[in-house]
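For the protein sequence lines, the chains are U and S, in the order given.
UniProt numbering applies: residue 1 is where the first sequence begins, and numbers increase by one.
UniProt numbering applies: residue 1 is where the second sequence begins, and numbers increase by one.
Derived by calculation from the structure, the hints in this document are not laboratory data.
Small disclaimer: the values here were computed from a predicted structure and weren't measured.
One thing to keep in mind: the hints can contain errors.
[Unchecked claim] Computed far set for chain S versus chain U, every beta-carbon distance over 12 Å:
no.: 1; residue: D31
no.: 2; residue: I136
no.: 3; residue: D342
[Stated by the list, open to error] Between beta-carbon pairs, the in silico distance windows are:
no.: 4; chain 1: U; residue 1: R198; chain 2: S; residue 2: T417; range: 46 to 54 Å
no.: 5; chain 1: U; residue 1: R434; chain 2: S; residue 2: E452; range: 48 to 56 Å
no.: 6; chain 1: S; residue 1: E487; chain 2: U; residue 2: E369; range: 44 to 52 Å
no.: 7; chain 1: U; residue 1: D69; chain 2: S; residue 2: E269; range: 53 to 61 Å
no.: 8; chain 1: U; residue 1: T14; chain 2: S; residue 2: D288; range: 44 to 52 Å
no.: 9; chain 1: S; residue 1: D215; chain 2: U; residue 2: P144; range: 46 to 54 Å
[Claimed, not checked] DSBU-like mimics (lysine-lysine), calculated; alpha carbons at most 30 Å apart, straight line:
no.: 10; chain 1: U; residue 1: K136; chain 2: S; residue 2: K224
no.: 11; chain 1: S; residue 1: K268; chain 2: U; residue 2: K300
no.: 12; chain 1: U; residue 1: K391; chain 2: U; residue 2: K413
no.: 13; chain 1: U; residue 1: K430; chain 2: S; residue 2: K268
no.: 14; chain 1: S; residue 1: K372; chain 2: U; residue 2: K360
no.: 15; chain 1: U; residue 1: K391; chain 2: U; residue 2: K403
no.: 16; chain 1: U; residue 1: K340; chain 2: S; residue 2: K224
no.: 17; chain 1: S; residue 1: K523; chain 2: U; residue 2: K403
We put the CB at the ideal spot given by N, CA and C, even for glycine.
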Amino acid sequence: MPTVVLMDVSLSMTRPVSLDGSEEFQRKNLAVHGLNMLFEHMASNYRMEFTALMAFSSLWELLVPFTRDYNALQEALGNLEDYDKTCVESALNGVSNVVQQEWGSACPCQVIWQGYVYGSLRHSLHTLKHHGDDKKFPLPFPFPTKLFIMSVANAEELQMTDAMDNLEELLRLSGGDGQIFTMEGPLCMKNVQAMFGRLIDHAYSPFHAVLHCGNLSSDVQVFPRPEPIVMDEEVEPMPRSVNTDLEIVGFIEIADISSPPVISRHLVLPINVNKEVDEVGTGATDELEEEPSASQMAGKSPNFCVLLHGSLKVEGMVALVQLGPEWYGMLYSQADSKKKSNLMMSLFEPGPDPLPWLGKITHLGPISEAAENPYGEDDSKSPFPLQPPVKRSYAQNVTVWIKASGLQTDVQKILRNARKLPDKTQTFYKELNRLRKAALAFGFWELLKGMADLLERECTLLPDSAHPDAAFQLSHAAQQLKLASTATSELVKLD
Amino acid sequence: MKMFSVSHKTVFVVDHCPYMAESSRQQVECDVLTKSRGQGVIPLAPVSKSLWTCAVECSMEYCRILYDVYPLHKLINYIVSDSEFHILNSWRQEDQSTHELMSALAAVGPPNPREDPECCSILHGLVAAVESLCKITELQHERRTTLMDTAERVANRGRIICLTNAKSDTHVRMLEDCIQETILEQNKLAAGSDRLMAIQQCDLVLIHIHPQGDDALVSDRPKKEISPLLTSEVHSVRAGRHLATKLNILVQQHFDLASTTITNIPMKEEQHANTSANYDVELLHHRDAHLEFFKSGDLHMAGTSTRENGLKETITLKWCTPRTNSIELHYCTGAYRISPTDVNSRPSSCLTNFLLNGRSVLLEQPRKSGSKVISHMLSSHGGEIFLHVLNSNRSTLEDPPSISEGCGGRVTDYRITDFGEFMRENRLMPVSESSHDPSGKLPVERAKGQLERHTRYWPMIISQTTIFNMQAVVPLANLIVKETLSEEDVLTCQKTVYNLVDMERKNDPLPISTVGSRGKGPKRDEQYRIMWNELETLVKTHAGATDRHQRVLDCIIACRSKPPEEEERKKRGRKREEREDKTEKNGSKDTDDKSWQESERLKGLLDKEEQESEVIKDSPDSPEPLNKKPRLCTEEVQPPERAKGPVSLLTMWSNRITVANSRKHQEFVGRVSSVNNKFELYQQLKDENGMDVHENGKASR
Numbered sequence: 001m002p003t004v005v006l007m008d009v010s011l012s013m014t015r016p017v018s019l020d021g022s023e024e025f026q027r028k029n030l031a032v033h034g035l036n037m038l039f040e041h042m043a044s045n046y047r048m049e050f051t052a053l054m055a056f057s058s059l060w061e062l063l064v065p066f067t068r069d070y071n072a073l074q075e076a077l078g079n080l081e082d083y084d085k086t087c088v089e090s091a092l093n094g095v096s097n098v099v100q101q102e103w104g105s106a107c108p109c110q111v112i113w114q115g116y117v118y119g120s121l122r123h124s125l126h127t128l129k130h131h132g133d134d135k136k137f138p139l140p141f142p143f144p145t146k147l148f149i150m151s152v153a154n155a156e157e158l159q160m161t162d163a164m165d166n167l168e169e170l171l172r173l174s175g176g177d178g179q180i181f182t183m184e185g186p187l188c189m190k191n192v193q194a195m196f197g198r199l200i201d202h203a204y205s206p207f208h209a210v211l212h213c214g215n216l217s218s219d220v221q222v223f224p225r226p227e228p229i230v231m232d233e234e235v236e237p238m239p240r241s242v243n244t245d246l247e248i249v250g251f252i253e254i255a256d257i258s259s260p261p262v263i264s265r266h267l268v269l270p271i272n273v274n275k276e277v278d279e280v281g282t283g284a285t286d287e288l289e290e291e292p293s294a295s296q297m298a299g300k301s302p303n304f305c306v307l308l309h310g311s312l313k314v315e316g317m318v319a320l321v322q323l324g325p326e327w328y329g330m331l332y333s334q335a336d337s338k339k340k341s342n343l344m345m346s347l348f349e350p351g352p353d354p355l356p357w358l359g360k361i362t363h364l365g366p367i368s369e370a371a372e373n374p375y376g377e378d379d380s381k382s383p384f385p386l387q388p389p390v391k392r393s394y395a396q397n398v399t400v401w402i403k404a405s406g407l408q409t410d411v412q413k414i415l416r417n418a419r420k421l422p423d424k425t426q427t428f429y430k431e432l433n434r435l436r437k438a439a440l441a442f443g444f445w446e447l448l449k450g451m452a453d454l455l456e457r458e459c460t461l462l463p464d465s466a467h468p469d470a471a472f473q474l475s476h477a478a479q480q481l482k483l484a485s486t487a488t489s490e491l492v493k494l495d
Numbered sequence: 001m002k003m004f005s006v007s008h009k010t011v012f013v014v015d016h017c018p019y020m021a022e023s024s025r026q027q028v029e030c031d032v033l034t035k036s037r038g039q040g041v042i043p044l045a046p047v048s049k050s051l052w053t054c055a056v057e058c059s060m061e062y063c064r065i066l067y068d069v070y071p072l073h074k075l076i077n078y079i080v081s082d083s084e085f086h087i088l089n090s091w092r093q094e095d096q097s098t099h100e101l102m103s104a105l106a107a108v109g110p111p112n113p114r115e116d117p118e119c120c121s122i123l124h125g126l127v128a129a130v131e132s133l134c135k136i137t138e139l140q141h142e143r144r145t146t147l148m149d150t151a152e153r154v155a156n157r158g159r160i161i162c163l164t165n166a167k168s169d170t171h172v173r174m175l176e177d178c179i180q181e182t183i184l185e186q187n188k189l190a191a192g193s194d195r196l197m198a199i200q201q202c203d204l205v206l207i208h209i210h211p212q213g214d215d216a217l218v219s220d221r222p223k224k225e226i227s228p229l230l231t232s233e234v235h236s237v238r239a240g241r242h243l244a245t246k247l248n249i250l251v252q253q254h255f256d257l258a259s260t261t262i263t264n265i266p267m268k269e270e271q272h273a274n275t276s277a278n279y280d281v282e283l284l285h286h287r288d289a290h291l292e293f294f295k296s297g298d299l300h301m302a303g304t305s306t307r308e309n310g311l312k313e314t315i316t317l318k319w320c321t322p323r324t325n326s327i328e329l330h331y332c333t334g335a336y337r338i339s340p341t342d343v344n345s346r347p348s349s350c351l352t353n354f355l356l357n358g359r360s361v362l363l364e365q366p367r368k369s370g371s372k373v374i375s376h377m378l379s380s381h382g383g384e385i386f387l388h389v390l391n392s393n394r395s396t397l398e399d400p401p402s403i404s405e406g407c408g409g410r411v412t413d414y415r416i417t418d419f420g421e422f423m424r425e426n427r428l429m430p431v432s433e434s435s436h437d438p439s440g441k442l443p444v445e446r447a448k449g450q451l452e453r454h455t456r457y458w459p460m461i462i463s464q465t466t467i468f469n470m471q472a473v474v475p476l477a478n479l480i481v482k483e484t485l486s487e488e489d490v491l492t493c494q495k496t497v498y499n500l501v502d503m504e505r506k507n508d509p510l511p512i513s514t515v516g517s518r519g520k521g522p523k524r525d526e527q528y529r530i531m532w533n534e535l536e537t538l539v540k541t542h543a544g545a546t547d548r549h550q551r552v553l554d555c556i557i558a559c560r561s562k563p564p565e566e567e568e569r570k571k572r573g574r575k576r577e578e579r580e581d582k583t584e585k586n587g588s589k590d591t592d593d594k595s596w597q598e599s600e601r602l603k604g605l606l607d608k609e610e611q612e613s614e615v616i617k618d619s620p621d622s623p624e625p626l627n628k629k630p631r632l633c634t635e636e637v638q639p640p641e642r643a644k645g646p647v648s649l650l651t652m653w654s655n656r657i658t659v660a661n662s663r664k665h666q667e668f669v670g671r672v673s674s675v676n677n678k679f680e681l682y683q684q685l686k687d688e689n690g691m692d693v694h695e696n697g698k699a700s701r
């Protein structure tokens, strides 16, 4: 889930923070400090995240396009300049454009809005009601959004004006998924760190889990963090979260799982838990020296993920994995290029039967229980896909006469076969019965009479050379159709 | 869409009163004469459908599309109304098919024009519809049961689609009022019942059908709220084609459907088989398949066209002829069942048959820029066709670190092939829900159980294991992981063990990895010790499962050459161990040590007959004292692995010695009177010790 950092560079951010007996800061310094800390954290614990840095005042500018290069982001933070006043609307429009250009409109995004004065917000929200359809307010974004508002002010300060209410309104407009962070206590480096610490815990702490396959297991990081989801607010309002124990239940061929729909995709990266993961990202210098040896050691001890990935790739299979109660996903090898490939996990929609062609996941059992291997001795067969109990309309030769052509085709088919009696007796009656059945269901008795007339006419048109049976069958069929169209729906089959 | 939205329950109420027998006045020419037969034949007069026929066939089409796209949980209850109501099916899942409904409709037949119009009314059906909406469905029941104390989250909403010929707007208002009253009445009833639920929301869709050419006596009216429980809308439609279009639009609105037209489908011409023309086929599906277009505002770019009455939009996607049938795992963000709008037209059935035969078709989104973007895929799974939405945006997971750069990435000797084999054995299959397992566990739990058993001892890399690199161990390794063993399985396992004993006696080399050790690696006896230890570890993890598993472990413990005490000693130091080895060679071996020698001796006996002619004069040291253990363990090994491969020089030599030695003394009484080369020693002890003596060679000591 990519992140856009929206940094307020208006003059309001240069407002000094006065602290007794210490050097003077601007609010901007605090904001930059916090963001630096976030970038450091991401560089060491969340480095797969794509992050972009945007500065805004009355205009907006994309300082760093989406990147995983956290040095570049930190560097850009160091070179911020100060501009005039803020304009929230244009900045949000900017975010919307930048994200959609890069990721399309389906990819969920996190927006971190770093700011202080929200004067223009009041104006924007106020005029929101007066917007016409042509000039739409940029929120909600077309893509799923998590909006994190990092305010370089404490809650009391915001509540003195209507800033807090406005921010809450903004959050609601964005779709409600996000949070407002404010500073606790006086404005200082320590408290800005604490505020960003809360953001990191909330949204950027790596998701660690244990992947199990029977007694084999591996510690993994799942990236990006799987988000809790709500399937049906009414029946099940509590969001479902992915377990930290991911349990493989069995294996399925790629051809059988057959490009299933998934709600999200995640990298499954094996991790070495012995290595102390520094959550906050401080003390990075110590780590740098130790890291090479530690990671080299980790590279050399066998890891289940690597084994699993290798075999999934070679065999062309996926592993079905349980993520929680009635929630499943699949693990497979995903090649990024010829050389590079990775273990990926895709999440299915929560529920007992996410893929109709597999049936209920709880009713998938080990093949060893079958009397005969359902895959055949040479893997020539497969127990999948499951057939639905009722065929769909396009698979069962239904009769639809809504368009005249449908009816004409069916009538002509019968007449064609009628002319080839007695050779085509079987198809003739099959088609005739189909028409008769539909006509009875639709209460279309006029058609039955018409068809009877047509068959009688065919009878008179028979050449002398015709088989005597042809005339017999035609008049019999005509008679039966007439009977069906008058008598009280006798469901006697013709033949 | 919520699980229990208005769409969960739809009641069709179709008017079966005498006036519905009236002709729609839309004529259908069904006798299309071909040119060659045209002369002298009077074509059949065109037929025309009655209002009833139009209503039935259009409602059936609505049901067809609905069942195609939502085979489950979107239910229809079909009611016919004349002098009374006739309920043609129930909410039950097995009643939900057009087949069922068509048979029921055939039984009803067309309206009887001679019936007394005074007793006939659509009201009978509408009252029945409200009653029916109060009836709980299987899904509602199931959910209420599982939610227990939060059962009130299960809502009861529904829609009534009434196809009738109303007399006037006042008549329509009267019908609405009547439904409103019935809802209130029924809700009171429902409050006191377990099988009924009060209606929280009911949408009435009243469709007034009138013959072509007649003025509509009823005016259209958009949806309005009659009460908090009831909304109503009125559509006044001419019978025939217009009614069909109306219901097609309604089914899309009611069930969040959208339309996609597949364009440029190459198809062989019916008349000229060697030419092909391009056709279009329109499909309906859940509108989420177009989500990306809606959101990005690309709708018009993506070739939308508005047709007919301006209500119906379709998105055009271009067919891409599939080149290969390669199996690929696409990144797919959604899959939605489809239903062709015109199901039995030739282009439609050509497309659906192509897909049902197992081919997949990628679909391209036309873009103004001319760039080619594959956005969808049509594919069938088990006789159902799905429109898959493929991700065409940049991936946020691009350029990840390769797995070889992470933990365990530098290890090169993973047992990839073995794990592949393991995965095949742990593939899944659907188990019928009706089949009941005695253990009471769900199939998926049994699958997990199997994974657990199969991985109790599973070294991940080749250099960590000896036994899994040995073909000879395969039969045992495959069997021991089973939940239960048959007597035959135990026998196979034991045979495997004896085979290993034989290998050790022959001093066959073992595939011990020399990775990480200097020189040639461990000595042969050390190799066997490692192998036996590993085998014991494997079997020990299963020994607790059943007595038969335990017997396999017992067999290994009995047969392996080194006693556990010696292992302990070995661990203390290599040098000392070597000294001990020397003393062992001097003949002071432990009795247990000789289990293999015993089987060897047996073999010698068997060979004796063949080798009788050979006379060996030379006499080595006196033979070692013969083992005094009962030999039940070894008896199963007969014939000892003679058939297995060529005999080594060592075996030949030791055989000779054995034969020679055996001649140097008088044959034991036991051996002479043995049956199948076995004679039970210490028979008097048998009564005291019971069968243990037989089961386990070691136990006799």
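Now the hints, each set against the structure:
no. : hint                        : in the structure
1   : D31                         : violated (6 Å)
2   : I136                        : holds (15 Å)
3   : D342                        : violated (7 Å)
4   : U:R198 x S:T417: 46 to 54 Å : holds (49 Å)
5   : U:R434 x S:E452: 48 to 56 Å : holds (54 Å)
6   : S:E487 x U:E369: 44 to 52 Å : violated (20 Å)
7   : U:D69 x S:E269: 53 to 61 Å  : holds (58 Å)
8   : U:T14 x S:D288: 44 to 52 Å  : holds (47 Å)
9   : S:D215 x U:P144: 46 to 54 Å : holds (51 Å)
10  : U:K136 x S:K224             : holds (28 Å)
11  : S:K268 x U:K300             : violated (60 Å)
12  : U:K391 x U:K413             : holds (24 Å)
13  : U:K430 x S:K268             : holds (26 Å)
14  : S:K372 x U:K360             : violated (37 Å)
15  : U:K391 x U:K403             : holds (23 Å)
16  : U:K340 x S:K224             : violated (59 Å)
17  : S:K523 x U:K403             : violated (86 Å)
Against the hints set out earlier in the document, violations occur for numbers 1, 3, 6, 11, 14, 16, 17.
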